[in-house]
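Peer 1: Protein chains in written order, with my numbering: chain A, 1 to 113; chain B, 1 to 85; chain C, 1 to 234.
Take these hints with a grain of salt, some might be off.
Claimed, not checked - Under 10 Å between C-beta atoms, here's a sample of chain C residues computed to sit facing chain A:
no. : residue
1   : Gly-8
2   : Thr-64
3   : Gly-77
As the list claims (entries may be wrong) - Straight-line alpha carbon distances no greater than 20 Å define the calculated SDA-like cross-link-like pairs of lysine to any residue that follow:
no. : chain 1 : residue 1 : chain 2 : residue 2
4   : A       : Lys-51    : B       : Lys-27
5   : A       : Lys-22    : A       : Leu-41
6   : B       : Lys-77    : C       : Leu-223
7   : A       : Lys-58    : C       : Leu-223
8   : A       : Lys-107   : B       : Lys-83
9   : A       : Lys-51    : C       : Ser-29
10  : A       : Lys-51    : C       : Tyr-37
11  : B       : Lys-77    : A       : Met-61
12  : B       : Lys-27    : B       : Lys-76
13  : A       : Lys-51    : C       : Asp-33
14  : A       : Lys-21    : A       : Ile-2
15  : A       : Lys-51    : C       : Thr-125
16  : C       : Lys-4     : A       : Tyr-16
17  : C       : Lys-36    : A       : Lys-21
18  : C       : Lys-156   : C       : Ile-206
19  : A       : Lys-21    : C       : Leu-145
20  : C       : Lys-101   : C       : Lys-31
21  : A       : Lys-51    : A       : Met-61
22  : A       : Lys-51    : A       : Asn-62
23  : B       : Lys-77    : B       : Ile-30
24  : A       : Lys-22    : B       : Glu-81
25  : C       : Lys-31    : A       : Asn-49
26  : C       : Lys-31    : A       : Thr-52
27  : C       : Lys-4     : A       : Asp-104
If you're looking for bench data, these hints aren't it; they were derived computationally from the structure.
Just so it is clear, CB atoms sit at the ideal spot from N, CA and C, and this is done for glycine as well.
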Amino acid sequence: MIFYVSALLIIGIGIYAIIIKKNLIKIIIGLDLIETGINLLIVSIGYINGKTAPIFSKGVMNASRMVDSVPQALTLTSIVIGASELALAAAFVVLLYRKYGTLDVRKIRSLRW
Amino acid sequence: MSIYVLIFSYILLALTIILSLLAIHVKDLIAAVILMGGGSLLVSLVFLLLQAPDVAMSEAAIGAALTMAIYIIAVKKTEREDKDD
Amino acid sequence: MIRKIVYGIFILIIVAAVSMFLMSYPFGSDKMDVGKYYLENTVPQTGAANVVTSVTLFYRGFDTLGEVTVLFTAALGVSILYFIEDKKRKTRIVESNFVTKVGTRVVFPFILLVGAYIFMHGHLTPGGGFQGGALIATGFLLLYLAYEETSINRAKFYLVEGLGGLTYVTMGLLGYFMKDSFLANVLPNGQLFNLLSGGIILPIYIGVGLKVGSELSNIIDDLMCEVKCDGGEE
Numbered sequence: 001m002i003f004y005v006s007a008l009l010i011i012g013i014g015i016y017a018i019i020i021k022k023n024l025i026k027i028i029i030g031l032d033l034i035e036t037g038i039n040l041l042i043v044s045i046g047y048i049n050g051k052t053a054p055i056f057s058k059g060v061m062n063a064s065r066m067v068d069s070v071p072q073a074l075t076l077t078s079i080v081i082g083a084s085e086l087a088l089a090a091a092f093v094v095l096l097y098r099k100y101g102t103l104d105v106r107k108i109r110s111l112r113w
Numbered sequence: 001m002s003i004y005v006l007i008f009s010y011i012l013l014a015l016t017i018i019l020s021l022l023a024i025h026v027k028d029l030i031a032a033v034i035l036m037g038g039g040s041l042l043v044s045l046v047f048l049l050l051q052a053p054d055v056a057m058s059e060a061a062i063g064a065a066l067t068m069a070i071y072i073i074a075v076k077k078t079e080r081e082d083k084d085d
Numbered sequence: 001m002i003r004k005i006v007y008g009i010f011i012l013i014i015v016a017a018v019s020m021f022l023m024s025y026p027f028g029s030d031k032m033d034v035g036k037y038y039l040e041n042t043v044p045q046t047g048a049a050n051v052v053t054s055v056t057l058f059y060r061g062f063d064t065l066g067e068v069t070v071l072f073t074a075a076l077g078v079s080i081l082y083f084i085e086d087k088k089r090k091t092r093i094v095e096s097n098f099v100t101k102v103g104t105r106v107v108f109p110f111i112l113l114v115g116a117y118i119f120m121h122g123h124l125t126p127g128g129g130f131q132g133g134a135l136i137a138t139g140f141l142l143l144y145l146a147y148e149e150t151s152i153n154r155a156k157f158y159l160v161e162g163l164g165g166l167t168y169v170t171m172g173l174l175g176y177f178m179k180d181s182f183l184a185n186v187l188p189n190g191q192l193f194n195l196l197s198g199g200i201i202l203p204i205y206i207g208v209g210l211k212v213g214s215e216l217s218n219i220i221d222d223l224m225c226e227v228k229c230d231g232g233e234e
């Protein structure tokens, strides 16, 4: 139960950082915290007490002693997509600083023609 | 899980929440990025204790190493301190 | 100050409401529905020992094709934003000392070897194409940090990336023309715990590993460029 509450708290801290903070790098850190919290929530839903990792080997050949394997496959996809979106966001931040000279969100929004 | 593994994972989750709270509050931007990378590494350890070795390896290689390198390059090309707010 | 407290209490109320909703899935109870079918039918139908790999590439192979497309689009976006006309660039951000230079020369081939090992044994041990590709890109990042005049040959990296993506789509079309559906199993299953087993999983993961490694190396090469990047300014 503590796993669910702490994963939701990490998502809540990320949403707080996106709404309140005014520096662009702090907003991107908030995006990464939301991704981490969601991955932790999905993997901890698929856990069953007393069972082991879903890989066949010479010691574990019985299929009824394994944890659910579908949430782990979906979390693999989610981690890679999150990393690629954050790389694109970091490239945008460097170009914005070169054009406007500041990283404050309030000043960048008010420089419109 | 046995009782010792459960208490160990609770300590790791509490440390992750403290590190992420500090990461959005600190003024020095490189310190914020390093704190977030440390939190990602601790979450990778929790994935291993939840019997998911594929996800733990993926989070440690992509989330804690490559993402931190890209952020440090981005901070180095812009300003280092947080002057706003 | 008032805004921060009001937003903080609002977010705490949302967290409490969602966790009340999650009370109906107790932590650690047996709730497998589709997973039971995948666990029992992996070894007869596929011949791979890693169940997560066979779910990613065999039962849900079309979603992995979409994920590879998303990664390709992000690398394309970064390349378009940093388009440079000048051929000569300096790529140095940090100073490096003697230990880094000599140590990198020793460690770099082993990093490439471990990365290749991880994506080739994806159907036997925990691992796969994405983890191995990330390791290869980290090896090239170490090379950038140690030596000043590093610049990778981008034309050859684009060729490797294209061949990797072409392998994935070719295996899918082979399944369509030789059997009944896209990405069907056309290669023999083999014996359990052998290297050459698992049907179509081994060729596809070799293609995906090379593709992801070269794409992430291209992204890092774009971001590290310093002088003469924006038409002549400093």
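Peer 1: Take the hints in turn and mark each one as holding or not.
Peer 2: These are the hints, each one checked on the structure:
Annotation: Gly-8/C was flagged as interfacial toward chain A, and the flag holds, the nearest CB pair being 7 Å apart, inside 10 Å. The closest approach between the C-beta of Thr-64/C and any C-beta of chain A is roughly 7 Å, which is under the 10 Å cut-off, so the hint is satisfied. This hint holds: Gly-77/C has a C-beta 5 Å from the nearest C-beta of chain A, less than the 10 Å allowed. Annotation: proposed proximity of Lys-51/A to Lys-27/B is violated, straight-line Cα distance about 44 Å (limit 20 Å).
Between Lys-22/A and Leu-41/A the CA atoms are separated by roughly 28 Å; this puts the pair beyond 20 Å, and the hint is violated. About 10 Å separates the Cα atoms of Lys-77/B and Leu-223/C, which keeps this hinted pair within 20 Å; it holds. Of the supplied pair hints, the one linking Lys-58/A and Leu-223/C is violated, its CA atoms being roughly 46 Å apart against a limit of 20 Å. The hinted pair formed by Lys-107/A and Lys-83/B meets the criterion: a straight-line CA distance of about 13 Å does not exceed 20 Å.
Taking the CA atoms of Lys-51/A and Ser-29/C, the gap is about 11 Å. The hint holds against a cut of 20 Å. With a C-alpha separation of about 17 Å, the suggested pair Lys-51/A and Tyr-37/C falls inside the 20 Å cut-off, and the hint holds. Note on Lys-77/B and Met-61/A: the hinted pairing is violated, with a Cα-Cα distance of about 53 Å set against a maximum of 20 Å. This hinted pair checks out: Lys-27/B and Lys-76/B have alpha carbons roughly 15 Å apart, not beyond 20 Å.
A C-alpha spacing of about 16 Å is found between Lys-51/A and Asp-33/C, which places the hinted pair at or below 20 Å, so the restraint holds. Distance restraint check for Lys-21/A and Ile-2/A: the Cα-Cα separation of roughly 28 Å exceeds the 20 Å cut-off, and the hinted pair is therefore not satisfied. Simply put, Lys-51/A and Thr-125/C have alpha-carbon atoms about 18 Å apart, close enough for the 20 Å limit, and the pair holds. A distance of roughly 9 Å separates the Cα atoms of Lys-4/C and Tyr-16/A; the hinted pair therefore holds under the 20 Å criterion.
Simply put, Lys-36/C and Lys-21/A have alpha-carbon atoms about 45 Å apart, too far for the 20 Å limit, and the pair is violated. A hinted pair counts as satisfied when its Cα atoms are at most 20 Å apart, and Lys-156/C with Ile-206/C qualifies at roughly 17 Å. Of the pairs offered as hints, the one joining Lys-21/A and Leu-145/C is violated, with about 32 Å between alpha carbons and a cut-off of 20 Å exceeded. The hinted pair formed by Lys-101/C and Lys-31/C fails the criterion: a straight-line CA distance of about 53 Å is larger than 20 Å.
A hinted pair counts as satisfied when its Cα atoms are at most 20 Å apart, and Lys-51/A with Met-61/A qualifies at roughly 13 Å. Between Lys-51/A and Asn-62/A the alpha-carbon distance is near 11 Å, which keeps this suggested pair within the 20 Å criterion. Distance hint between Lys-77/B and Ile-30/B is fulfilled; the C-alpha atoms sit about 12 Å from each other, no more than 20 Å. For the hint pairing Lys-22/A with Glu-81/B, the CA-to-CA distance comes to about 13 Å; that is within 20 Å, so the pair holds.
Proximity of Lys-31/C to Asn-49/A is assessed by CA-CA distance (about 11 Å); at most 20 Å being required, the pair is judged to hold. For the hint pairing Lys-31/C with Thr-52/A, the CA-to-CA distance comes to about 15 Å; that is within 20 Å, so the pair holds. In summary, the hint linking Lys-4/C to Asp-104/A is supported, as the alpha carbons are separated by about 18 Å, within the 20 Å threshold.
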